[in-house]
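**Student:** If you read the sequences in order, they're chains A and B.
The numbering of the first sequence is UniProt numbering, which starts it at 1 and goes up by one.
The numbering of the second sequence is UniProt numbering, which starts it at 1 and goes up by one.
If you want the footprint, here are the derived chain A segments under chain B, 3+ residues with CB under 8 Å:
| hint | stretch |
| --- | --- |
| 1 | 480-488 |
| 2 | 656-668 |
| 3 | 774-783 |
Not the full set, but computed from the structure, chain B residues with beta-carbon under 10 Å of chain A:
| hint | residue |
| --- | --- |
| 4 | K229 |
| 5 | D232 |
| 6 | S242 |
| 7 | V317 |
In short, the hints are calculated from the structure, not lab data.
Predicted model only: the values in this text are computed from it and were never measured.
Glycine is no exception: its CB is placed at the ideal position from the N, C-alpha and C atoms.
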Amino acid sequence: MSGTETRPDRGQSRERGHGPGVGRDLGVGHSAPRPDGTLKVTGEFAYSSDLYLADMVWGATLRGPHPSARIRSVDVGPALAMPGVLAALTCEDVPGELFYGLDRRDQPVLAADRVRYQGEPVAIVAADHPERARRAAAAIVVDYEVTEAVTDPRRAAFDPSCPAVHDGGNVVRHQPVRVGGDFTAPVVVTGEYEVGMQDQAFLGPESGLAVPAEDGGVDLFVATQWLHVDRDQIAPCLGLPPELVRLTLAGVGGAFGAREDLSMQVHACMLALRTGRPVKMVYGRQESFFGHVHRHPARMRYEHGADLDGRLRYVRAEILLDGGAYCSSTPAVVGNAASLGVGPYEVPNVWIDAYGVYTNNPPCGAMRGFGAVQACFAYESQMDRLAEACGLSPVEVRVRNAVSQGSRLATGQVIDSPAPLAGMLRELAAMPLPPEPSRTAGPVAVPPPAGPARAAAATSVPDPAGVRAPGAAATPDLLDLPGGVAQTTHGEGVRRGVGYGVGIKNICFSEGFDDHSTARVRVELLGGEPHVLVRTAAAEVGQGLVTVQEQIARTELGVERVTVAQADTTVGSAGSTSASRQSYVTGGAVRAACRAVRERLAVLRANGETLAETLERAGAVEETRVYRHRPTFPMDPVTGQGDSHAQLALCVHRAVVDVDVELGLVKVVELAAVQDVGRVLNPLALEGQIHGGSAQGLGLALMEEVQVVDGRVLNPSFTDYLIPTILDMPPMRVSVLANPDPHAPYGLRGAGEPPTLSSTPAVAAAVRAATGLRLPRVPIRPHDIAMDGSRYGNWAGDRSL
Amino acid sequence: MRPFTYERPADVRSAVAAAAGRPDAAYLGGGTNLVDLMRLGVATPRTLVDVTRISSRAIEETGGGLLIGAGVRNGDLAADPLVRRAQPLLARAVLEGASGQIRNMATVAGNLLQRTRCPYFQDVTKPCNKRLPGSGCPARTGDHRNLAILGHSEHCVATHPSDMAVALAALDALVHVEGPGGARTVPMPGLHRLPGDEPDRDTVLAPGELITAVEVPHLPFAARSRYRKVRDRASFAFAVVSVAAALDVAGGVVRDCRIALGGVAHAPWRAEAAEAALRGAAATPEEFARAADAELARSSPLPRNAFKAPLLRNVLVRTLTDLAEPAGFAESEPVETP
Ligand SMILES: Cc1cc2nc3c(=O)[nH]c(=O)nc-3n(C[C@H](O)[C@H](O)[C@H](O)COP(=O)(O)OP(=O)(O)OC[C@H]3O[C@@H](n4cnc5c(N)ncnc54)[C@H](O)[C@@H]3O)c2cc1C
Ligand code: SF4
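Whenever a hint applies, use it, and build me the whole structure from the sequences.
**Tutor:** Here it is, written out as structure tokens:
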């Protein structure tokens, strides 16, 4: 049912392996199998939570229950008195710097005089059994004085009487974008939109093993996204030079941004150094919800002005992102929301204010799509409203305003690689639609609604009331209808809607960051055969980077046997596994190191010699290379202008939904996507990224939300935080374009994030089309749809207390 | 988790004796709810009395109905041919709950006695009258989107989460109980209490009473019955609202009916007002809507769950309309879902 179509006419794979025939089917452009694939599906893969050493002990964390409180005292005595407890540490035991952080060092290793969010670590314990450690942590006595919690981001941003969560005020970053000055237009549409707090919902909880070393340092085996930035935050806190803190990547059970910040890293190392024993820490699921950042919830106001023909004249927007208690990557998230805040459209006049604020809500930071997701939901909702106002189709209004190569973003940056958005939209719109919903007869005729009829702007399914197919015995495929196997409908009350979404995402780190990666490549003879060893510090988090590195080595060196070493800090930084950047940057580094090896080999190689013979005679060849993408520049703090992004990527989605408008149930019937990836490195892995990103966007559209009331999380479990199941995810139709980016290795364009952006607004638009409702907030849940009115009339009572 | 002792008595009598007079003893079924709550610190039993090996796992036909052992796993119950034939709504309700893995562990007794999903109840850092009597009910002013619209009190607005219990309440099931004071049966809509001023008590069972079986009397017209559940995703989610219904229609007139509602009250809610309105009424959508309104007249939704009233009305009318169809939809076999 699902399939990916890649256009071979657009720069698809061409083998470049120079040993004829060697490595041909496993190099760049092929669906080389993942070395970790079989292990993962058979349950044999060792995740960080599986780490084990014979003499290890267990760490546990005591977390503050209050969103905001002063700490009067902490007494670890009761914990230390318990059998099996080896250490109980507080902020007073932190050997070095007391704070860490990705952008600002504002997050205490352990809370000192106050806690700023529910679940903030206050003390840590090591004991000889995990349950003993947990009980000992619970036995620590903390005297809190609860203080007023700042939980309204608008108040945090704009109310001068609001308490400051940190000294220096609650606005972490305000980034304006100013272009032009004419904010008048014949057609104006305005809207306020909200995006709930999404969780990355990775399966492998935060975990790792810290092993004290004889040299006074520590070896940490941990699931993370960026070994070096972890190390550079951990070492100062431990009071150790970086070379004494050695990190090795342990098996990562998903990341999606949630492992970019530290969690248990410093704690495990502190306990290991204090006890002299290896210390393992594994968060439980509930603790994990408090142990990592989430996606920033957003409140957004947009105003779009356009000519009567739908061409945009201006966009004004205020984007308010709740960063929670600590900075994390909020500044960069704000930068993305601001610079990409109008979407991939040509807009002559722009006035954007994007804010990231401190509150006492859960800290928010990196998550797939990183600031671009929230804005995308708002600007795409606006584009649909504009289409309606101008009497255009959703596709046409987007086509008329679409950027292309040579267009300027709101930041003034010129898109200098292919950006065929209009064509992508046309292709998407031309894809066949799935068949109309399967239905048997509806029940007997029902009187029309007593209440106001709903607008039904759907590609509508006729209301089945009164239609009765005689002897209708055929059962529709249950999974095809809203409510699915619960058989809540046989087609009655179901309306179809189609919606479109477009997204633009920056690839790689932006705004002047020195974004680089390092690769060491060694070619040697093993058992008489040439063998390549690739070593980087790049984190494989499930996206398939190890496979891509192998493919690049095969293609560049023509050697089939390639091993990618477990990532560690014995080689230079690879940067983060985020911003869809690793194929680009670490891929670029591996390619550069391979080419350096190849050049050396070319010099060493005697005429007519095989590679094996050269290696036999000359020995192993090893080269290390650092790769940087082209420089980017900060955004002007007043005007937001600047070439802030290294690469831009587009994805477009069409969602087809059936909505049971009486029960509020949505069935996404199909998601179709067109994405331009520049160059396909691994078709199967790419398809996985597009499906997975689309599913995560669908989750945000329809169900995923960390519910926070008064700074407290209400649903910290996978029983109550819902993510799409296989029954919620429809088949996909995917078309991949490969228009190379001349600036990037192999012409590739990062692919992991863009589908996460555009699927959310596409699904929301489709639900709006089916229901005629405004639905300004995601996730859209049954209560947003089934509030009132139906074929059975309204329930008259309004007995709200 | 608080330390506890674990006992595995050899028979029902010693199980009851093991728990008798020990208010902090708890029976252990599949553990899918109790152990979760122990991990969260919500349940803190000192003694776990494992009854899985001594609880009957049989489903037998008695003269008057089906006798379902308390230890029958939810998955086995849903798959049982007797149940599927005689009480399709029961099989369906069980299948609509939880996931395949959980249903394979969960027992009939444990399912009946699972605790509310109210978020405040599950978080020991928050007040909650059900967990800590007298501490208050933050749900009333906080998040009660999933909570009760019927029969709640100022002390508690929780809902009972079981799907199976809704079907059993519609079917007038009898719960067989063995206690320190001997054996007794408790009729189903009456097993679960309304919160009143004692929300810490979910049921009328006395401490130490052990459920041994559930008896479901024959109800011939239940062979055509429905369980309809609205949830936030396609599978593996608790009910937002649900309806269990069986309808006996002759000559276009409702002779008899059984209706119970889930996700709306502290107990599976037997819709007596709707049933009374329907008996003798024409089997038409208009009458079904009137019956729904009769039931909802007793409701008092909270600000954030007011949507449940019209939603429930829509599900109820649709379910009854569906059942009233003379030919009706051939409802497919219950489908096992992830
Ligand atoms: C992720 C998840 C999703 C779920 N979704 C749903 C859903 O959609 N619908 C639904 O209905 N349920 C759902 N459930 C709940 C599930 O049905 C219950 O957890 C299960 O039925 C409990 O049965 P158990 O045997 O494991 O009970 P246990 O956890 O062993 O016990 C539960 C309670 O019953 C008591 N008890 C057990 N046996 C006896 C006995 N013989 N006599 C007296 N007391 C006894 C225990 O002391 C305890 O208080 C879900 C659960 C989870 C974890
Ligand atoms: S509704 Fe009941 S369970 Fe929930 S907080 Fe109130 S008292 Fe506790």
